[in-house]
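Build the full structure now, drawing on both the sequences and the hints.
Residues 2 to 196 (this note's numbering) make up the sequence shown, in order.
In short, the hints are calculated from the structure, not lab data.
Just so you know, not all the hints are guaranteed correct.
Stated by the list, open to error - Ranges between beta-carbon positions, derived for each pair: (1) Arg155 / His120: 40 to 50 Å; (2) Thr145 / Asp47: 18 to 28 Å; (3) Asp98 / Asp67: 16 to 26 Å; (4) Arg68 / Lys125: 18 to 28 Å; (5) Arg115 / Glu88: 39 to 49 Å; (6) Ala129 / Glu171: 27 to 37 Å; (7) Thr19 / Leu111: 14 to 24 Å; (8) Pro108 / Arg17: 22 to 32 Å.
From a predicted model like this one, the values you see are computed outputs, not experimental measurements.
Using N, Cα and C, we set each Cβ at its ideal position, and we do this for glycine too.
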Amino acid sequence: MLDRGLFWSPVPDWSRATIRHDELSIDTVAPQVAWLVSGNLATFLDRRGVRFGDAGDRYALRLAPDRLLFVSVDGAATDGATFGWSEDGCAITDVSDGYVLLDITGPAALELMRLGALHDFEAKSDTASASILFAGQRVILAPTSQGWRLHVERPNAAAIWQWLQRAASEWAKPPADGIGRSKSPPIHAEQQVVS
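Quick look at the structure:
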């Protein structure tokens, strides 16, 4: 029987996966908590002391008018969570194992992000949905102080990772015509070997 697993992208060891070039870094971030929250978002945000905004230690990203993704990297503001519907009109679902978080940083991060999506990566809006189509996959986008964080659903993470490896390698190559960016030779991306 044909092994269908040969058709899938290899899954990296997410705890060690990294891509490095001279002006670009892509690293995984391990969240302590990732929750989908529906319903009364204002009450949820007030109780947790969180607001919509840039990715930091804990933050919320709007997905729809009545839905958000809450992420905590440090585990703060997660005490007393009741999953399912609560009396304050919120429904919380733990999706911590369902996402891989990828930080894209460095002077070339904006150029790489623009290769992946037709999106205004420099615009800031708390009311807009953080969900975008990136490299052909639905991801949740958050700006960080150094670049951007992609929240990728785990089944799609290996495909996005493979795209990022190829895009970073292509971006780092010197232009064929000698015109364009002048850069030092690229540092090769670290590859994960999956057996």
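Right, here's what the structure says about each hint:
no., hint, in the structure
1, Arg155 / His120: 40 to 50 Å, "violated (22 Å)"
2, Thr145 / Asp47: 18 to 28 Å, "holds (24 Å)"
3, Asp98 / Asp67: 16 to 26 Å, "holds (24 Å)"
4, Arg68 / Lys125: 18 to 28 Å, "holds (20 Å)"
5, Arg115 / Glu88: 39 to 49 Å, "holds (45 Å)"
6, Ala129 / Glu171: 27 to 37 Å, "holds (29 Å)"
7, Thr19 / Leu111: 14 to 24 Å, "holds (19 Å)"
8, Pro108 / Arg17: 22 to 32 Å, "holds (24 Å)"
Hint 1 from the list above is the single one not met by this structure.
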